[in-house]
Amino acid sequence: MENPSKSKSFKRHSSSIITVLFIALLVLVYLSYILPKNKAREDEKNVAILKGIEKQLLVYIDDQVKYISDNKFRTLDISKFKGADDIYIDNIKIDRYGFQSVKNGKIELSRTITISSSIKDRFKGFKKKDTVFPDVISIDLVKFLNKINSTTLFTSFYICPVESGKCRVDKSFISENISLSDQDSLVDNSRRSGPITFKKSSKRFYTNQIVIPQTDHNIFLAVGIDNSYFETNARQIDSPILILSLVSVIILILGINFIKPIISSQNERLSQLDLVGVVFSIGVLSAVLTVFALLALWNKTLKENNTKDLKILVNRIDSCFSKQINNTKKLRYTSAFEIELKKTEHKYAKIYFIKGSDSISLDGNSDSKSDGLLRNQKFAISKSYFDENSKELQNIDVFFRMDNKGLITKYLSATNPELRRKFDDRMYFKVLQPQNKYYPNINRKIKTYLTAVFSREQNKYQWIYADIDSLGMKNVDPDSIGIKGTAFREYFSKNIKLPPRTSYMIVDRSGDVLMHEDSKNSLFQNVLNDSPNNFELISTLSGVIPKTFEMVLQGKAYQVCAEKLDVAIDSPIYILGIRDLTHINRLSIYTFTNGFLISIFFGFFLLLLNYMYSIILYSSQISIFSNRHFWYLFPNKSRTSDYKKLFMVNCVSILLALLVSLNSSPSVAFVFCVLLGYNLAFLNVISLNTRILDFKYAVKSIIVFLILGISIPFLVFSFSTLWFAVFILFCMHLILIFYYKNFKTKKGENTEDESNKSVSRTSFISFLTARLVFQYTIFPLILISSLYVSEINEFARFYNTSIKETNDKRANNIQAYQSGFHTLKIPFFKVEGKDSVMQEADFDFLNRPALYEINNFTFFSALKDEYFLSSHAILQKENIRSIVMIFIFLFVFLPVISYQLINYYSNRFFFYDLMQVSWKEIFLSQKKILKKEDIYIQIMNISDIKSLIQDYRKKLALENNILPLEDQSDRDITINKFFKTDTNNEIPELVKRNFMINYYKRNFYEIYNEIWNSLPHETQYVLYDFAQDYFVNYKNKDTVISFMECGIIDIDKTTGRLKMMSASFRFFVLSHGKSKSFIEEFKNESKDGTYNRFKFPLFIIAISALLLLMYLNKDSYDQVAAMGGSIVTIIALITKFMDANKSM
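Every letter in the sequence shown is one number past the one before it in UniProt numbering, and letter 960, counting from 1, is 960.
For the record, the hints were derived by calculation from the structure and aren't laboratory data.
The beta-carbon is built from N, C-alpha and C at its ideal position, and this holds for glycine as well.
Some hints here could point you the wrong way.
Between beta-carbon pairs, the in silico distance windows are [as the list claims (entries may be wrong)]:
| id | residue 1 | residue 2 | range |
| --- | --- | --- | --- |
| 1 | K1035 | F719 | 55 to 65 Å |
| 2 | I615 | R881 | 45 to 55 Å |
| 3 | V47 | K1087 | 54 to 64 Å |
Using the sequences and the hints given, assemble the complete structure.
Encoded structure:
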């Protein structure tokens, strides 16, 4: 037979079980499908990088094979041919059968250098004669590895030769960060390619075998990456998605508070803690949405500024580089150079300019008398011509012409003549072939071409502008058409100063990087390989250039601004200005976590201060742990005019805080907002707990109070710290509290506001909404702007302090986030020594607060001059639509939502309809017998204590649960009869009040007990719940009405809220809490309900989502953990704090 208790337990926890199973299923799907898919994507990216390394290695080996050093020229006795017109290098090839060895980090190869010459034959005229010079070249792969280390994320490298299909460990010549066990495993798996992992290894390897060009020998190449880094990348989600996920988790956690008053069953209890939790959740919801909206606006602003910076960068490069190319092109077509290039009798010549009687080389390092050249190997230009074109001429390497076989036929250089050679392997030669035999699929004939060659020995770029050359002859055979061109070095890069993480690339239409700002990244790279599915990039390389876009390079996100190089060439070249978005993404995470947590902390801090002020204000009148310390925040019909005044004060404060934030530094705006919020919180406590001010006097007092409450702490802050200024303000508040604490109402003054005869719902909700808007919308808004401005200013300060103050230099500097280049009068801090973290602008955001300048802020300084960027940077024309939308969202949508939520939930807690009908004395006939005017007015005065009068009835009977109406002899018991000799109020009011309550309880115990026993058990639980803090579940409204009809629940004539008919009867009801059986039944009766069934599943979902975010973003684990831990801590403190109050 089925056990009913087990069935009931299963039914109670069924939703939790289903939630756990659902989460487990989602985790299983993630671990079995999504995570492997992400790992496969990461493997594809790393394999693509490995292929790029392979191509770089092959290019590096090929370059080394074809490179002939000066030492080799002398050793092989080839240097004697330099400058000869009829001798040239025909080819350099690897001897397939002359493979020497691979050891000690070097590849030793045999090569042959073929020197060709034209000799005269009396029968056949000129014929070609080849002379072969055998040679052994040693290629040092350590140099190659050093370049790879700086351009990839791989941390381990292993290269060894492959002989007879096996990896020769004894000849391993590259082994960096490879353990012996990993090395053995790699050797055993040397035939495999792709990603490989080994047990007990902390690395993930990618391997392949590479064939050495022109040989039958292979090299085994393995690169490794840390498993932790790989797992992080596979799990990690982008910063915007992470922030959106955190916002969703926070809203889900807040939803637990929001749904309780709605879905809770009739038997579940609601308390003052639930009301405070709902109001606090509304504020937190406003804060998180404000932070999220401001993050979006600031990120958009920074990216707009990035676009402007990068646009200036690419335009400057385009202007300077295009001018250089066009001027260099004109030089080649000037008559002097044109004539010299067409001469065929002399193949080589060095360019000089005539200075007086001397001829000086273009670089100014030698003259024609000391270079040992023949007269026909010199080409001189006039000094005036050189002066006119000195900038271009000084960067010229060579004017050249080559025939249709790639052989140099004319060579005007800035250096001494070299040995002529063929360049038929160069890309520009292949592309410019008229018949396109190298690229048969290209239909369009390319006549002009621009490309770059990177010298890995000199670590410099050489640009080549080439076009088809027919020597000015008509009807020329296409096979005889050659190429003419200019090799030169660009000079624009020397004059441009870039901020950290800002760079540029020049790429061709196929995505190949021709030039990179950082020469360390100059090895072979193709942007399309790194971002294969980036449609904006594909569109850019097709000629349709968007304003800006983002792309991923080497696993990092970059913002890109592109421009087509304004040069007349058939194959277009594009300039890509790029800026690493890591800084913005990390700044977003940092600002979100800190901004959100500081906003919550500030709100809880003000709540705690109000509680402290109330304790001081009500000392000797109310218990320290009484829940009445927060009653001033509940609706009070006698405070309607006060609510309206405070609503106006809060609205003016909102406008004032916004104006200060837009017209001052972030430090001033932040401190001003803190002090203003602090003073407003105090003003609310005083205004809602006293009745001494008329309207005109109140306005004057508030103005004087705010001016003094802000200006004095600011003055203290200018000479000391923020904490000391807050302490001074706290002391000022204490003085005012003690003043109002001793205030006594005037004789005969009525403490009730007779002008208020109904519920003050609208004015109360408007005031509370305005208070939440300031505390949870304005403060986060100013805080987020301050954090962003502070970080960007530190970034700009670090960059700008590295720039020399010369105007000619500054004209070519690129800004950081449009922050300008003016110099700070007072530096933020002094950088002592080298700080690699700061130099890379990769700040440790959590460990280094962004409020340094607030702690070191000087009040009398020139505020605007101390910042490169101010808070009104977000007010840009480009952002006008976003600004309007966010303005509407923050100051229309959020206040309306907050107002409606407060209105909805406050009605469920305060029963506005019952308050109204009770005030109209709808239940008058049944409530007069035991009615007691227990008027609670904040700061209880003598007159308030005297009003504790209760009608004493000796005999009472209950008929049909309705109290009888017959009149009884009554006896007035007043405070004067008990304490008439206490003329100086030596006995605290709280002691007097408690005495009277206990006296009434003793005398009315039998009557109260009869009333209590006449109630059903379910009704007793509701009454006990209401007696604790005057709050009860909205779904028990019918029971509350029945209590009001019996006179057990009445209204407070001052506040208009529902209360017990007397303090002594409330004390009697609460005394049942000492009964263990009653409390156990009370808890068991309220345990089963809709909310309790849904609370635990929602909590599991929220915690699971938070843990999942931690797991997915280990790189940001500290930030998420700090945020999650802080939220839990804050909630725990609030819960503990309110639980302590609930029973008081």
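Quick rundown of the hints versus the structure:
Against the hinted window of 55 to 65 Å, the Cβ-Cβ separation of K1035 and F719 comes to about 58 Å, which satisfies the hint. In this structure the hint that I615 and R881 lie 45 to 55 Å apart at CB holds, the actual value being about 50 Å. Hint check: V47 to K1087, Cβ distance near 58 Å, so the stated range 54 to 64 Å holds.
The structure fails none of the hints (numbered hints given earlier).
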